[in-house]
Amino acid sequence: MTDLLFLAFAAVTIGAAILAIEARDLVYGAAALGIAFLGVAGLFFLLDAAYVGWFQIAVYIGAVVVLILFTVMLVGPKMGETPLGLKRVSLLAAILVSLLLGMTGALANATAFPGQDSCGSGCDLYLLSTSLLKNYGVQLEFMSLVMAAAVIGALVLSKTDRGQ
Amino acid sequence: MVAQGIPEIGAYIGFLFVSTVALIIVLRLLVTPRDPRPTPEKKKPFESGQIAAGPGRTRFIIQYYPYLLMFVVYDVIAMFLFAWGLNLKALGEAGSLPVLVFMVVLLIPLGYALHLANHRENW
Amino acid sequence: MLGPLQPLVDMVTSPLFLMIVLFPGLTSIAIIGALLGWLERKVTARVQLRIGPLYASPAGGILQMFADLIKLSFKELFVPENSDAFFFIMAPTTGLVIGAALVGLIPFAPGIQIANIEVGLPAFLAIITLSPSLVLLAGWSANSKFPFIGGLRALFQQTAYEIPLWLSALGVIMMAGTLNLAQIVAAQSTGWFIIPQALGAFIFLVTSVAEMERLPFDLPEAESEIMMGWQAEYTGVLFLAAQGPGFVKLYAFSALFTTIYLGGFLGPSFLPPLFWMLMKTLVIIVLIMLLRSTFPRVRLDQLLRAGWTTLLTLAIVNIGITYLLVVGLPTF
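Protein chains in written order, with our numbering: chain H, 1 to 164; chain W, 165 to 287; chain Z, 288 to 619.
Simulated from the structure, these hints should not be mistaken for laboratory data. One should not assume that every hint holds.
[Stated by the list, open to error] Here's a subset of chain W near chain Z, in silico, CB distances under 8 Å, partners left out:
id, residue
1, Q168
2, L180
3, S183
4, Y238
5, K253
6, G256
7, I272
8, Y276
9, L278
10, H279
11, L280
[As the list claims (entries may be wrong)] Examples of chain W residues toward chain Z, derived with CB under 10 Å:
id, residue
12, P171
13, T184
14, V236
15, D239
16, F246
17, G249
18, N251
19, V265
20, V269
Even for Gly, the Cβ is constructed at its ideal location relative to N, Cα and C.
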């Protein structure tokens, strides 16, 4: 049953991602991207990572897709205009990308992430919280700096000079 | 294993979706009348009587675009704050120190954004 | 006895299925949504010294909304030209599904909860986060000026008020130490959270009203300005799909407020817990309905500035206060 669900969510994710790239109307593409994120959230739920799954829905589908939709509506081709011409993907690029993904997958399988399943039945949210703050506190601070830089950059870029 | 409670909400949402779409389809097929020959004016966009002119997707309110950008970042921040707040009694003061630094670092761009918002000629 | 049909019968009579279909699921949501529409018109009418719906039945017009539902089903369902039919139909339909899904997470009584998710509160808030994109798509799909402007206003309004919503709910989580809604109710057996979290509850209430696009935050549907905003092009059953989520979300948000601030189904045991839950939810619903008749509409830039400055600052202050309450004064 779990395998069937996994195949279903994986198919949804891949199918929606292909739609997202190939759709003629960019708004449909952005909506398909939202469905792809929903598939990823489903995969998280299958891994018993409910916290991450729900925040995947909240942040990716709720915020990132909204931003993409807004931008696409703003600068995409207007109705009646011809959609953007899509170049043909070269065979070389397809082979290289497949090789890269294959290597990444093999590496992830070969060197299991340390601590995987080491908590057994004691894995719960409190452990996640404690390890996040105690063991990964430095990484948390670096991440906050990156996000702060992103926000400040976005604000500066979108400032318009209408002072006159 | 699938997380607790997820199959139920999945079944519930699936059921809702199917029943809502089925209801609309059934109503459409059985009950709602259809107009085989609509007049040209009927299908035009509605503007309280005046004839619609110009493109439909006109004025983009883009001066509030930075708010959307900030929303994305602060949504992510909410995720980490929830992970912290959940365990507050166990973490105590020592465990909350990283989060305090985290929040202070991220309140600086918020202050900058609000400073910009107060200069209304920019936004 | 029924042989091959036995699993089907088992599924249909299982408690989960009954909860999904009857209470607190689909049927009860539909009925309660319709009754809330009637209640809103009555409450608004009484505040305005009118009587409100009266003729649809002997009991004060209580069947008014059902009459409206039947009327709307018989209206022609058409899609304006040059509009995007797929999103035009799917966006409000999905909005309706999302609104009803919210109700599934709430514990109405010990054992009456469709989905007891371990991370229930973030799940609820995550589902709400889906709503701005649906409104944006609905407004965009109609390809008409007023719905489009209304959709954009709704987008900015809802994204502005989501962060204070998340942060005020964080205060409850800090006090309860759990993300599970049923356990949050249990944690209030020593005292409802509304007392220590008074500031947080206030912020939660204000941001919920903004998320539901109710007055005083109904700029996206400003009836005197942009003729119903993003819902302007919807007729017939789709009008129901566009309006319905408003009432269903009212029900869901009020129930959530009751769960996390007013102790949910806790109450003296001479009445069943379900009764307490529904009564407290009703009090919050009427309170929110009274806001509609009392406050003027807020302008968009004032609204966004208030959300991002005042409410966000208050929410952070609330987090600080809650931290002091839970952990104690910092010892430097």
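Status of the hints after comparison with the structure:
{"no.": "1", "hint": "Q168", "verdict": "holds (5 Å)"}
{"no.": "2", "hint": "L180", "verdict": "holds (5 Å)"}
{"no.": "3", "hint": "S183", "verdict": "holds (6 Å)"}
{"no.": "4", "hint": "Y238", "verdict": "holds (5 Å)"}
{"no.": "5", "hint": "K253", "verdict": "holds (5 Å)"}
{"no.": "6", "hint": "G256", "verdict": "holds (6 Å)"}
{"no.": "7", "hint": "I272", "verdict": "violated (13 Å)"}
{"no.": "8", "hint": "Y276", "verdict": "violated (12 Å)"}
{"no.": "9", "hint": "L278", "verdict": "holds (5 Å)"}
{"no.": "10", "hint": "H279", "verdict": "violated (10 Å)"}
{"no.": "11", "hint": "L280", "verdict": "violated (11 Å)"}
{"no.": "12", "hint": "P171", "verdict": "holds (8 Å)"}
{"no.": "13", "hint": "T184", "verdict": "holds (6 Å)"}
{"no.": "14", "hint": "V236", "verdict": "holds (9 Å)"}
{"no.": "15", "hint": "D239", "verdict": "holds (7 Å)"}
{"no.": "16", "hint": "F246", "verdict": "holds (6 Å)"}
{"no.": "17", "hint": "G249", "verdict": "holds (4 Å)"}
{"no.": "18", "hint": "N251", "verdict": "holds (7 Å)"}
{"no.": "19", "hint": "V265", "verdict": "violated (14 Å)"}
{"no.": "20", "hint": "V269", "verdict": "violated (14 Å)"}
Checked against the numbered hints given earlier, the structure breaks hints 7, 8, 10, 11, 19 and 20 and satisfies all the rest.
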